[in-house]
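Student: The residues making up each chain are set out below.
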Amino acid sequence: MTLEGFVLMRPVLSISGRLRVAADGVSIDPACVTSVVDNADLQALDVALALRANGELTRVTCIAAGQAAAIEALTHGLALGADHAIRLAAYEDLTVDPCALGRAIGARLGAAGARLVFAAGGSDDGDAEALPHAIASTLDAACVTNVLGLRLSASGILVERRLEQGRRERWRAGLPAVVALAPQPDHTTYVSCAALAVARHTSALDTIGATACPPLPPSAVALDGLKPPRQRPKRLRTTAAAGAETAHVRAAAAGVVARNAGHLAVTGPAADVADEIVSFLSLRGLLPRADSMGRRR
Amino acid sequence: MSACTRDIWVFVDHFDGHPLPVTFELLGEARRLADLLGTRVVACAFGLDDAECCAGFAAAGADSVQVFATTDSNAYLPDAYAASMAGLCGTDEPLLILFPATSRGADLAARVALTGNWPLFPRAIDLRIGDDGIKITRALASGRAHAVLRAVGSATAIVTVAADVLGAAAGGRARTLDIVRRPLAAATTPRIAAGGVIRCDPATLDPGEAATIVAAGRGLGARDNVQLAADLAALLGGCLAGTRVAVDLGWLPRSRQVGQTGKTVRPRLYIACGISGATQHTIGMKEAGTVIAINTDPAAPIFRLADLAATVDAIELLPLLIEKCRRAIGADAT
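Protein chains in written order, with my numbering: chain A, -2 to 294; chain B, 728 to 1061.
Among the clues, some could well be false.
Claimed, not checked - In silico lysine to aspartate or glutamate, EDC-like type, Cα no more than 20 Å apart, as pairs:
#1 A:LYS224 to B:ASP853
#2 B:LYS862 to A:ASP272
#3 A:LYS224 to B:ASP859
#4 B:LYS1051 to A:ASP272
#5 B:LYS1051 to B:ASP1040
#6 A:LYS224 to A:ASP21
#7 B:LYS1051 to A:ASP269
Treat the hints as calculated values from the structure; they're not laboratory data. All values derive from a computational prediction rather than experimental measurement.
Use the sequences and the hints to build the structure in full.
Tutor: If you want it as structure tokens, here you go:
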């Protein structure tokens, strides 16, 4: 079976150095906004390279849209072992609408005859939740997300998806398919400087000029501005909880519990403290409830 | 259709017949927005035709529930779900659909958005009604920057929100719920065959995926006392984790270590037992939703992160806490 794996490499927004506010006093100074290689993309590339090492893929090609940051991302891909890289030069490094960008990349992948595409399923900016679907809809392919494990077969792919609280779900799909890998925040992929230096001088990076790139579809999303984060206190779950917390504050005033620097401080005999904790858990809806069979949920 | 007459929808993610807690956060937020606009909140549930759940939706702020019939309520059929929701959305034109940023919620949100070419806003952290429509804020660059976005035109905005981000506003007055039952639409070209769901034993669950973590630190004094933390974790349906010191002492396997050289965790509830709160540990758990810290030292740094700080000996407290939790859980069931 001859199957080429395509890996989407997408630069993500980053803040370079100290966060600075622009002259308007509200938005972020554009000078400190930059874009970086997303580690989640390198994890997706790792999976494709492992399949190539097993002989299940014949070739791995990285694809990115953008300018300098895209070149950097593709260089990282080549340094990690990708056979080939494609840059779509018609677009900016950072775009607002992931669906529009995904459709444009999907059109290019369709022209390249892509049947299996790997992408990060999670990213710092959240766009990775949309991009694989946008590519899949343009390619008329199946899209499988949050994938932890993948097996290729003659009829397509069998994947294991991550659900909440350790649960897993199995999906089967035919090719073409777009596979979005589950994010692994504790797994960092490092690229050696030597490999990067070699990759910078390789001829494996092809640039597709503006004329050959499909036009970016009209964006359905507009950016009003980038702003510094605003610290907000945690909101309470319900007014009932809020009322009960008020009761706690009253109790604090009466000396039963103390409120200190935004949190409840409880001290005293262990039994009283245990009561306070149980009531706190109950108010916040954090105690599991048993069903009629006595099973907790 | 003017904005004020268009409903706000909320997708209900559920498992074993129980909606995930984030659903109620979204219903609360939808209620807040709907009250501002004078419109209705509609919960969309697949395979969850249960009176108790519907009453919960009403209490959380829903005016109506659209129940799509499925044969297996735990199975997620992405193509059919997307076809059903997009079909109804195309007819009813809601102003906004809120999806939980869960595995299934995020997946379905993108499918629905692409089906109707509707604007998608993943991972919103704030929603506001402005003069020019709904404005959605998202965190970028590891939270160092916020992007304020808005939809172009008046199409339905599809928004995903992670758990514990918005909190939940009050549902307010009790509502008479309007329940509409619908068949599941068939996907025109189904591409995915959904297999079964594999369940996980909470005791062996990876701390990175756990909703509740009870963490043990050196303050527990001895390996035998770690069992108390494990018992509490089992009772709360969570998993046991610990600090590097607890791991180095051989009380816990390396896979249970939270912190700079261990796992980064984001549970809804984190109970730190006998943990001082060194930066090397807190860096791995600072994004936990609710933190309860138990330590004898009132100046322990972990108290700075805690929502509830208990200045008491964890070894003395844990057996009592287990007993009282057991009673409270039993009482809830009756």
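Student: Evaluate each hint against the coordinates.
Tutor: The hints, checked one at a time:
1. Annotation: proposed proximity of LYS224 of chain A to ASP853 of chain B holds, straight-line Cα distance about 13 Å (limit 20 Å).
2. Proposed proximity of LYS862 of chain B and ASP272 of chain A is contradicted: the alpha carbons are some 42 Å apart, above 20 Å.
3. For the given pair, LYS224 of chain A sits about 19 Å from ASP859 of chain B by alpha-carbon distance, which is consistent with the 20 Å threshold.
4. Proximity of LYS1051 of chain B to ASP272 of chain A is assessed by CA-CA distance (about 7 Å); at most 20 Å being required, the pair is judged to hold.
5. Under the criterion of a C-alpha separation no larger than 20 Å, the hint pairing LYS1051 of chain B with ASP1040 of chain B is consistent with the structure, at around 17 Å.
6. The suggested pairing of LYS224 of chain A with ASP21 of chain A holds, with an alpha-carbon distance near 11 Å, which does not exceed 20 Å.
7. Taken as a hint, the LYS1051 of chain B and ASP269 of chain A pair is honoured in the structure, with Cα atoms around 11 Å apart against an allowance of 20 Å.
In terms of the numbered hints stated before, the structure departs from hint 2 and from no other.
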